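Novice: Here is what each chain is made of, one letter per residue.
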Amino acid sequence: MMDNAPIYLDNNATTACDPAVVEAMLPFFTEQFGNPSSMHSFGNKVGFALKEARARVQALLGAAHDSEIVFTSCGTESDNTAILSALKAQPERNQIVTTAVEHAAILALCDQLEKEGYVVTRLSVDKRGRLDLDEYRAALSPRTAIVSVMWANNETGTIFPVEVMAEMAHAVGAQFHTDAVQAVGKIAIDLKKTEIDILSLSGHKLHAPKGVGVLYLKRGTRFRPLLRGGHQERGRRAGTENTASIVGLGVACELARQHMAFENTEVRRLRDKLESGILAAVPHCFVTGDVANRLPNTSNIAFEFVEGEAILLLLNKAGIAASSGSACTSGSLEPSHVMRAMGIPYTAAHGTIRFSLSRFNSDAEIDRVIAVLPQVIAQLRKISPYWNGSGPAVESFVPAYA
Amino acid sequence: MWDYSEKVREHFFNPRNVGALEDANGIGEVGSIQCGDALRLMIKVDPATETILDARFQTFGCGSAIASSSALTEIIKGMTLDEALKVSNQDIADYLDGLPPEKMHCSVMGREALQAAVANYRGEDWREDHEEGALVCKCFAVDAKLIEETIRANGLTSVEQVTHYTKAGGGCTACHEGIEEILVKVAKETCTAPTADKKPTPPAIPPAPTLTSFQRMRKIEETIASIRPMLQRDHGDIEIVEIDGKNIYVNLKGACAGCMMEAATLNGIQTRLVEALGEFVRLLPASQLKRAA
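Chains as they are written, first to last, in the numbering used here: chain G, 1 to 402; chain R, 1001 to 1293.
The following block holds chain G by itself, in its conformation from the complex:
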């Protein structure tokens, strides 16, 4: 690898399409252009390709039936459909239970539904981003229509006990949905062994293209479609299928199954190497989230007294791409809601950087990041009014778990 080749460590935002995925998609932009709903041979060929893709998604998720897989346009559509369906299908129930650290696709919808009169309970997290199951049990009631809890957090990678939570939701007759956008492809999932009713996934998080997602619906789940019209996807999601992307997603799911072990050994090793290298080289920084129970590819590090966007700009200049939960990357003045929910103080919350790896990263890349990052932080601290040259000018934060 050339020394100055760009390094991509933002795979929780989006991933590169696997070349094998691109190759599988290409015919569906040209000769395989039929509408899968058509009765002629043009349509049939594409219809069979969709069937094959559905089976591949089913296999990755461990779903009992291929009919439980509904193709959508993205994770956000799947998340919105899950919650709106549960409320419409169970009009006698008006409560949504979720967490304070969900993706905006859940939180923004819940905010809106709350304005419309629904009751939203947002579970808190502790300093490591973990849920309290006693608080969860107390929140459930016969009025709960749906529980929506992400399988793994997009910022910290913290994994939530969704299998147990699904059983607890069923105890009060509520549906259980999990936004598994970050988890699918990174940790083993076997849905037929769980009581999870609905699951969302997004293609572009696992080396498939953007613009394709999946809604898993366990057989027997009461459902009301978001999009109505044609009878595509058994009437559960009207609209002509994005066939090329669905085929690509199928191949990506197949590849994810093959690489699952690699993800949990080699990618994890690289992540740990990156993390320990940074912690050793940069003073006053710490890892956020549940370090012992998180996705193998994710490391979220808070750098005190510097601001995330400024770090990203300097890293980008050095050819390194990561992301930040800082306020200024979003145009907001508030830092990441996940950091605030975990009680990370502002002195550190504004300076969090998420490094998310993939199977395409290498040791040489990690070595370069470890070499570059300390200079970046030092450069910004030199400008910071909260740093006096040799150390912090205000009190430093040491997390209890450090």
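To be clear, the hints were calculated from the coordinates, so they are not data collected in a lab. A few of these clues could be false.
To be verified - Covered stretches of chain R (in silico footprint by chain G; criterion: 3 or more residues with CB under 8 Å from a CB of chain G, positions within the stretch not fixed):
| id | segment |
| --- | --- |
| 1 | 1015-1027 |
| 2 | 1036-1050 |
| 3 | 1224-1234 |
Since the structure is predicted, the reported quantities are computational estimates derived from the model, not experimental observations. Virtual Cβ for every residue (Gly too), placed ideally from N, Cα, C.
Assemble chain R onto chain G, guided by the hints.
Specialist: Below, chain R without anything else, positioned relative to chain G:
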């Protein structure tokens, strides 16, 4: 990534006039670490001519905050204080060949730091003028209270009008929904005719307090005590100054004092107190107690 001009990038990657100015005789500090932007501007003024001989800065913030600070110091060096006070946030943005609309607040911070530094040199008091309510328009740093008062005073009815009067909503447009909500709120207060045919719904009133005065005071203290560790973690603090019926007067201290989010902090604590006491109370800054006395 933001669409930063070459000049913004240049001033971010190679900021001018960075670091402490040892013999500064005017220092302006605005923003706070809570807000994600903080700027300390230091100026050295020649007392005989009131000319700014030197200017340096320390900034905690994003690329445009650092670039705006750098630009500001370059602009004002050599100016008299009166000339410098005429520098607007738009001048700072123009110097940088523009800022993304969502980042205009960085240039506003620069202007305010300049005003604060000059006030400090002249021995005057200076306070940020947008800390009354929750910030609605982040591009131009306009808070809910200012928008609400402007709507009321001028009988405004549309987001466009609000933008013309206050600038709020003139940037990224992300706050338009928030401005609409304020418009609806004010319209409800001032216009009863449309709802005249509807049976008015009484507001939800919490159950009457059943606490004795002593228990109530203890409850207020306990609630505040439970919140203090959170504020202290962010290098802030709170103390109760006086309890006068429904009004509880407090002092926000440390980093919480003067923060742009001060109103939001007070609102959040007030909500917790209302829940704990089961009655409506108002949490007010102690400065208002002095005004009332």
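Novice: Under 8 Å between beta-carbons, do enough residues of the segment 1224-1234 of chain R, three at least, approach chain G for the coverage claim to hold?
Specialist: Our answer is that it holds, as 3 residues pass the Cβ test (under 8 Å) against chain G, meeting three.
Novice: So is the segment 1036-1050 of chain R in contact with chain G by the C-beta rule, three or more residues under 8 Å, or is the coverage claim wrong?
Specialist: Since 5 is at least three, the answer is holds.
Novice: Are there at least three residues in the segment 1015-1027 of chain R whose beta carbon sits under 8 Å from a beta carbon of chain G?
Specialist: holds (count 3)
This entry satisfies every hint, going by the numbered hints stated previously.
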